[in-house]
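Peer 1: Sequence:
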Amino acid sequence: MNRAVSNITERKLIVSVILRAIKDFLDGHNVHKIERLKAKGLDHELSELEKNCKSAKFWLYEEKNSDYIFSFEKCCELISISPERIRRGLRQLIQNNSKYMKRNYEMHYDYD
Numbered sequence: 001m002n003r004a005v006s007n008i009t010e011r012k013l014i015v016s017v018i019l020r021a022i023k024d025f026l027d028g029h030n031v032h033k034i035e036r037l038k039a040k041g042l043d044h045e046l047s048e049l050e051k052n053c054k055s056a057k058f059w060l061y062e063e064k065n066s067d068y069i070f071s072f073e074k075c076c077e078l079i080s081i082s083p084e085r086i087r088r089g090l091r092q093l094i095q096n097n098s099k100y101m102k103r104n105y106e107m108h109y110d111y112d
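Residue numbers (the working numbering): 1 to 112.
Keep in mind the hints are simulated off the structure, nothing from the lab.
Hints are supplied without guarantee of correctness; some may be wrong.
Said to hold, decoys possible - Simulated pairs of lysine-lysine, DSS-like, Cα-Cα distance not exceeding 27 Å:
(1) LYS12 with LYS54
(2) LYS40 with LYS23
(3) LYS51 with LYS33
(4) LYS51 with LYS40
(5) LYS33 with LYS54
(6) LYS74 with LYS57
(7) LYS54 with LYS23
(8) LYS74 with LYS64
(9) LYS74 with LYS54
(10) LYS33 with LYS57
(11) LYS23 with LYS51
(12) LYS40 with LYS54
(13) LYS57 with LYS40
(14) LYS23 with LYS38
(15) LYS74 with LYS23
(16) LYS74 with LYS51
(17) LYS38 with LYS51
(18) LYS38 with LYS54
(19) LYS12 with LYS51
(20) LYS57 with LYS12
(21) LYS51 with LYS64
(22) LYS23 with LYS64
(23) LYS23 with LYS57
(24) LYS33 with LYS23
(25) LYS38 with LYS57
(26) LYS54 with LYS64
(27) LYS64 with LYS12
(28) LYS74 with LYS12
(29) LYS23 with LYS12
Work out the full structure, taking the sequences as your base and the hints as a guide.
Peer 2: Here it is in structure tokens:
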């Protein structure tokens, strides 16, 4: 069923959920942010950052239940955007900005 959301409030909510996942995912790869938290001894915040990044990665890349109403694939379908385009953009962003992003921060990511 291809049901694009036309209600602006619903679209904003879905976009907000997707943007939050992207932010959490990218924050977990941001070398400067990670180093700042380590330098300040903010272990709890660092742990939260890692946990949020792992959750976002799972939602963005690994969750395969596209029938689930809140799956990444379903959210993208509802606002008529390509999930693969977002994934490809995230891969490119991390690869092209390795000065600021760290691809393998204490966990192995396989994005393909």
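Peer 1: Taken at face value, is the distance from the CA of LYS64 to the CA of LYS23 at most 27 Å?
Peer 2: Given pair LYS23, LYS64 holds - Cα atoms ~21 Å apart, limit 27 Å.
Peer 1: Given the hinted pair LYS64 and LYS12, is their Cα-Cα distance within 27 Å?
Peer 2: holds (24 Å)
Peer 1: Is LYS51 close enough to LYS64, meaning Cα to Cα at most 27 Å?
Peer 2: holds (20 Å)
Peer 1: Just to be careful, I want the Cα atoms of LYS33 and LYS57 compared with a cutoff of 27 Å; is the pair within it?
Peer 2: holds (18 Å)
Peer 1: Below or equal to 27 Å on CA atoms is what counts here, so check LYS38 against LYS54.
Peer 2: holds (18 Å)
Peer 1: Below or equal to 27 Å on CA atoms is what counts here, so check LYS54 against LYS64.
Peer 2: holds (16 Å)
Peer 1: Does LYS51 lie within 27 Å of LYS12 when you go C-alpha to C-alpha?
Peer 2: Distance of about 25 Å is within 27 Å: holds.
Peer 1: Given the hint that LYS38 pairs with LYS51, does the C-alpha gap stay at or below 27 Å?
Peer 2: Holds: LYS38 and LYS51 sit about 15 Å apart, inside 27 Å.
Peer 1: Please work out if LYS54 and LYS23 have their alpha carbons no farther apart than 27 Å.
Peer 2: Cα-Cα ~12 Å, so holds.
Peer 1: For the pair we were handed, LYS33 and LYS54, check the Cα-Cα distance against 27 Å.
Peer 2: holds (16 Å)
Peer 1: Has the given pair, LYS33 with LYS23, been kept, meaning a C-alpha gap of at most 27 Å?
Peer 2: The hint holds at about 12 Å.
Peer 1: Starting from LYS51, check that the Cα of LYS33 is at most 27 Å away, please.
Peer 2: With a Cα-Cα distance of about 15 Å, the restraint between LYS51 and LYS33 holds, given a limit of 27 Å.
Going through the hint list in order, the structure satisfies each hint without exception.
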